Each structure stands twice: as structure tokens, then as C-alpha cells.
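Given next are the chains, with one letter for each unit.
2 protein chains.
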Amino acid sequence: MWQLHQFPLCPFSRKVRLLLGEKGVGYDLVRESPWERRDEFLDMNPAGQVPVMIDPARKILLMDSMAICEYLEETVEKSAMINGTAVNRAEIRRLVAWFDTQFFADITAPLLRERMEKRLVTKESPDSKVLREAMKAAVRHLDYTDYLLDHHNWMAGSTMSLADLAAAAQISVTDYLGGIDWKNHEQTARWYRGLKSRPSFRPLLSERMEGITPPKHYDDVDFDL
Amino acid sequence: MWQLHQFPLCPFSRKVRLLLGEKGVGYDLVRESPWERRDEFLDMNPAGQVPVMIDPARKILLMDSMAICEYLEETVEKSAMINGTAVNRAEIRRLVAWFDTQFFADITAPLLRERMEKRLVTKESPDSKVLREAMKAAVRHLDYTDYLLDHHNWMAGSTMSLADLAAAAQISVTDYLGGIDWKNHEQTARWYRGLKSRPSFRPLLSERMEGITPPKHYDDVDFDL
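The listed protein sequences correspond, in order, to chains A and B.
For the first sequence, my numbering gives the first residue as 73, with consecutive numbering after it.
For the second sequence, my numbering gives the first residue as 73, with consecutive numbering after it.
Some hints here could point you the wrong way.
Since the list can't tell identical chains apart, any single copy or any two copies may satisfy a pair.
What the hints assert, rightly or not - Dumping the calculated SDA-like pairs for lysine to any residue here, alpha-carbon to alpha-carbon at most 20 Å:
1) 201 with 160
2) 195 with 107
3) 208 with 120
4) 208 with 119
5) 255 with 284
6) 131 with 158
Simulated from the structure, these hints should not be mistaken for laboratory data.
The structure displayed is predicted, hence computed values, not measured ones.
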């Protein structure tokens, strides 16, 4: 059985969990708080990041969320999520990188720092200027996902792909931390309602990060704008 | 013919160029300075980053350096660089992400900011504290590559892979900017001499970034420690 080392608000772990869920691959969760920088964890992953995925019986140790997703794509045939022609696959991977890098840097990372790390780790007050900037960036990013979803039903084309899981992972963490104003983003909201209602998404929505309460609409599958 | 939009000191463009070179795929270079944020370029790539690879005849537009590398792996059989079992491939991708993310953030990015952008764009003096930190980080990172190369001839195993090209791309830009003290890193230096002598590497070593002169050993294939 796979062990997935993660914490509930890690967007990269969520991406891997959504993929595991879609593919019907079982796993146990192991809680890791990477900001504690435990020696045993750093010995395992010198990058000091979750997710880390381990199969102790087969002595397999996987790190880096995209490397884990590519591994799952290569080894589990069910529900292929990097699919289509080489050009389609390049577009899926471009968008995964977009959500993992740009969306994360502009929105998820500052929200995690201001609303999670400052509360749980350093006991500081959040910087309202940083929060305002992140929420402005969220509007820009949802304008872009609205645009993508104007052209096809899913982020990268006519079928669901890893780009949707990467987007949903970032958006769900941001939404948990109160960073998303859904007003005027009907396209992305409709897409997100569809994803939230999938069995792969349910376990994520019911989990809570200690000391941080999400807004009421967070786990509501039929949330209104 | 492919067009590769890039600038000479972009490590991600260098990774793609090394892969194109190893695979014997021809391309034209198109100079792009992403810090100018040209409208036409942002319309093409909203992330505002190079490399971007275009085949105008086939109307193919590829973005994100890892998506481009995966595309080349899938479409050009020669010189496979993400090779072996699924576990081997995961290790190659983990290390590519390590060099693209950790090495870049700790060393290449601060050096590019202090020694390229401040000279060419903002006309400021470099911050010697930031440079000192980056050079300390370079020692730690080369300790890690020495460790990897203690265990096998190439970064990710017994054969050359995309991990080596990603590492060489970051190291070569860092070395151009005077950020590497090769002393006490005989393992990595030996590996790097081997890479520098490959035909895929030669065009990179002969190019210059306007206004920035590399140290004398930069393009010397047989450089001493």
C-alpha cells in the first residue's frame, strides 16, 4: 500500500491525491509538516517538500509532485490524465506547470504564508497588503480559467486531464483560505462544482487543517456565486 | 524548422537546447528578453517566460521547458533522455525538478538578478550579501551533485539523462556569472568537463550575453580546479 506524506492544505499533495482517486489507487495518509524540517524527513527528501510517496514493501520512494503524477500515468492505465496527441499532452503539461508555478506563486503561496504559517508557526498577524495583492491576482487568474473554459469544457481541451486536477488542487486550497471571490466567474464556478462532486474530491473537502476554519461555501458542492 | 525564443543566459532554454542538440533536431534561435514584457510575447505566452518553441509551418506552439522536453522525448526517438523503468524515470524527473526549482531559486535566479538584470535593466549595483549567499548555496549544491556522482557516472544513474542536461544548464549559467568555485568539487568538475566536450554543448559555450563577460575558464573544456 502506498503511503502519501502530506499535510491537508498542500496543493501539490492534493493534485496527487486527486489523481490517485481518479485512478482508484489506494493509499494511507502520513502527516508531515515540512516547515518543521525534521531531520528524518530531510534525509528522505533533501528538497524538504511534500508530497512524498512511498511503497515500503516494494522499496519505492517517489518525490516531486509532477514526477509522481507521471509515474502514476505510466504505471496505472485507468483514467489516463495526460492524454491525446503529443501536442495535446504538451498543453496539459504547460497548464499543470502554470497552476503549480504561476497560480501557486501569485495566490496559494502568499495565502498559505499569511493565513496558515503565520497563525500556526510564527504566531504573527497576516499582512493585509499581501492578502489584497493575492486576492487581486486570484481575480486575474480566474479570468484566465474562464477564458480557457469558454473554449472547451475542461482546462486543456474536451476531456478532463491533469490540468484540471492541478487547477482544482490550487483553487481548493485558496478557497479554503478565503482567497476566492466567486462573483463574475460563472465559467470556472460551474467547472469547479463538477469537480467537487466527484468521488476523488470528497475526502479532500471533508478534511480540516487544525486551527483554520474554511468559509461556509468551501465544502458545499452546489455553492452559489 | 523550429524556432526557439530565448536569451543566451536562460537556463531553461539551455536545457531545451542541449536536448535538441543531443537529439540532432535543428532549430533557429529567436532572441527574446522576457523582462521587457513585450505585448506580442505575452499574447503568445501569458507566463511571460522563455523558452517558447514554435513550428510556424505546422502551427505548433510549445511552452514551459519541461513540457517541451517531454514533447521532444515523445516525438523524437533518438537519444532518449527519460529512460529506463518507471522508477528510473521518476528519479530523472525528480532531479530535473530539483535543478529547475531548488538550484535555480538558490543560485541561478539571484545571480541573474544581481549580475545580469541589475547591470542591463535597472542599472543598479549588485547586492554583495545576496551574491555571498548564492555562492554559499552553490557549494552546498555541488556537495550534493558530488554525492550523486559518487554513486553512479551520471546524475540519475548509469546513463546520461535529462537530469544531466538540466544540471548542466543551471551550472553553465551560474559558471558564466562567476558563481561557481570549482575547488573541492572534483566529481562534479569531471562530469562537467565531459558534458562540455559534447557537440550539443559547444554552441552554448561560444555565445555571449551583451555587456557581461564570463570568467576565463568558462568555455575551457579542460578547466582546472
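Check: Checking against the hints above, which ones are violated?
Finding: 1, 5
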